[in-house]
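> Sequence:
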Amino acid sequence: MYKNGQVVGMTTSARIDPSPSTVFVDIVALVDDGKSITRDPSTPSAAPQPHYPTSVKMADEVKKLKICIIGAGMGGLACALALAKKGFQDIEVFETASNLGFVGAGIQLAPNMVRILDRLGVWGEVEKEAVILKETSIRQGATDTELGHVSLDHVYKTYGYYHSVGHRASLAGALYNGCKREESIKFHFSTVMGGVTSFSPKPTFTAIPRDGEPYTVEADILLSSDGVKSTTRVEMLKQIGATAEIIDTKQAAYRIMLTRDQMKHDPELLALIDGQRATRWVGEKRHIIAYPVSGNNIYNLSTTQPDTNFAAAPSETYTTKGSKSAMLGVFSDFCPLIQRMLNLVPEGEVCEWKLRVHSPLPTWVHGSVGLVGDACHPTLPHMNQGAAQAIEDAGVLGEVLALLPDGSPKSINNALRVYEGVRKERAEMLVELAAASGRAMHLGEGKAKEERDRAFKEGKAVPDKWADAQVQKTIYGFDCMEVAKEAFKEEFGKM
Numbered sequence: 002m003y004k005n006g007q008v009v010g011m012t013t014s015a016r017i018d019p020s021p022s023t024v025f026v027d028i029v030a031l032v033d034d035g036k037s038i039t040r041d042p043s044t045p046s047a048a049p050q051p052h053y054p055t056s057v058k059m060a061d062e063v064k065k066l067k068i069c070i071i072g073a074g075m076g077g078l079a080c081a082l083a084l085a086k087k088g089f090q091d092i093e094v095f096e097t098a099s100n101l102g103f104v105g106a107g108i109q110l111a112p113n114m115v116r117i118l119d120r121l122g123v124w125g126e127v128e129k130e131a132v133i134l135k136e137t138s139i140r141q142g143a144t145d146t147e148l149g150h151v152s153l154d155h156v157y158k159t160y161g162y163y164h165s166v167g168h169r170a171s172l173a174g175a176l177y178n179g180c181k182r183e184e185s186i187k188f189h190f191s192t193v194m195g196g197v198t199s200f201s202p203k204p205t206f207t208a209i210p211r212d213g214e215p216y217t218v219e220a221d222i223l224l225s226s227d228g229v230k231s232t233t234r235v236e237m238l239k240q241i242g243a244t245a246e247i248i249d250t251k252q253a254a255y256r257i258m259l260t261r262d263q264m265k266h267d268p269e270l271l272a273l274i275d276g277q278r279a280t281r282w283v284g285e286k287r288h289i290i291a292y293p294v295s296g297n298n299i300y301n302l303s304t305t306q307p308d309t310n311f312a313a314a315p316s317e318t319y320t321t322k323g324s325k326s327a328m329l330g331v332f333s334d335f336c337p338l339i340q341r342m343l344n345l346v347p348e349g350e351v352c353e354w355k356l357r358v359h360s361p362l363p364t365w366v367h368g369s370v371g372l373v374g375d376a377c378h379p380t381l382p383h384m385n386q387g388a389a390q391a392i393e394d395a396g397v398l399g400e401v402l403a404l405l406p407d408g409s410p411k412s413i414n415n416a417l418r419v420y421e422g423v424r425k426e427r428a429e430m431l432v433e434l435a436a437a438s439g440r441a442m443h444l445g446e447g448k449a450k451e452e453r454d455r456a457f458k459e460g461k462a463v464p465d466k467w468a469d470a471q472v473q474k475t476i477y478g479f480d481c482m483e484v485a486k487e488a489f490k491e492e493f494g495k496m
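One rule links them: number in the numbering used here = place in the sequence shown (from 1) + 1.
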């Protein structure tokens, strides 16, 4: 992150080694070399800004730049919308799927994400079904004993937005609806990206429609938000003679959605879905995090456990149909409350995800091409910041590209490098922090676990980092769009 012309952030001794460890990782140190460009993250933020100025005065040649976006996930949709709001007139989004029939599980809507959604004009739609979290509880999986409790009452007063939770489909749907309201955005569904053939001066790639002939697309700017399996990333690294190792985390996840009808006959379960609390149950090499979504009508559970399904049958897929009996076996030593919830999952509706990341990239930018979201910073889910960081990418790209003085390839590359400068260290810090937090949650019996539990009890540096108030300052208090404008002002002319 930028402060006074320097990139600073949080540092941690934990590198991207997401495998379980017996070493307890203490809280990361906050590195702060000076006063924030906009404000110190520890001070209260301004109230929500629904009228944040989006369009800016741009030269006609900049407005007319052709911007192509690969992928219509969270990052791709947010990029398209952010650019349209700034006044760009020619935005094309290429998506492999035939339509955006949104599925998925719950998602945490942290203030750093909500701030951007509000400025893009879509937060109101998401907010209707969102549930405001008032507290978090970290509990021992086997006994349901509370290890730590964190109130979230301070979040709105400090950052201007609540920490809410919602359904992933609600967020994606709101972004898509926002895009459909913009005449400058055109979607190409059922279209596979065949590969980038030129990165500069005009990015060029092959588009392959499912029911048509391949054709060549030439753009002024190409933003690739094509996920953890990004082909653009692979081709970009080849161009610069680099590689990024895919890291098998040896972890997998179940995503479970329970309805009110399923839970209403059990008073303890009904209290969970009616509440405003996120609960994390932790055990050796495993945990479950759960919270209500969709106006308290659905209870979302996300698990992390050792990977056995994918390891037994290696393949290119990252998802597979899971077995209910296997799922129950993974958490067989967890408390009766968990057993009752997991038993409510219908047979045949168990889906398991493999959790993979890759080592940090040497760059996110080459020529007039930039990577976005999981294409450049895939993360474990333990900080609940995956989608938020993709949306931060979009917010920053909207700011820096709108400030272009002209449409030359040199200027475009410089603006993309400013984007990378604002985003790369911050995103990679959160990837590392998620891995470290996972290790702390998954400790087995021993001294390290005793130290962790003592830290929970003392309530100082919370080992579950996403609930730690000091970490929240750095994540929630960072206004990436304001920092991007200042960074452009400071850095663009030096390039």
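Worth flagging that the hints you see were computed from the coordinates, not collected in a lab.
In this text, a Cβ means the ideal position worked out from N, Cα and C, and glycines have one as well.
It is possible that some hints are incorrect.
Unchecked claim - Label-pair distances were calculated between CB atoms; the ranges are:
no. : residue 1 : residue 2 : range
1   : G102      : T309      : 26 to 36 Å
2   : G445      : T364      : 21 to 31 Å
3   : T198      : G102      : 27 to 37 Å
4   : D154      : I209      : 50 to 60 Å
5   : T207      : D91       : 27 to 37 Å
6   : E451      : A243      : 22 to 32 Å
7   : S201      : S152      : 18 to 28 Å
8   : Q471      : G296      : 27 to 37 Å
9   : H150      : E184      : 24 to 34 Å
> Determine for every hint whether it applies to the structure shown.
Hints versus structure:
no., hint, verdict
1, G102 <-> T309: 26 to 36 Å, "holds (30 Å)"
2, G445 <-> T364: 21 to 31 Å, "violated (39 Å)"
3, T198 <-> G102: 27 to 37 Å, "holds (31 Å)"
4, D154 <-> I209: 50 to 60 Å, "holds (52 Å)"
5, T207 <-> D91: 27 to 37 Å, "violated (20 Å)"
6, E451 <-> A243: 22 to 32 Å, "violated (42 Å)"
7, S201 <-> S152: 18 to 28 Å, "violated (51 Å)"
8, Q471 <-> G296: 27 to 37 Å, "holds (32 Å)"
9, H150 <-> E184: 24 to 34 Å, "violated (49 Å)"
Figure legend: structure checked against the earlier numbered hints; hints not met, in rising order: 2, 5, 6, 7 and 9.
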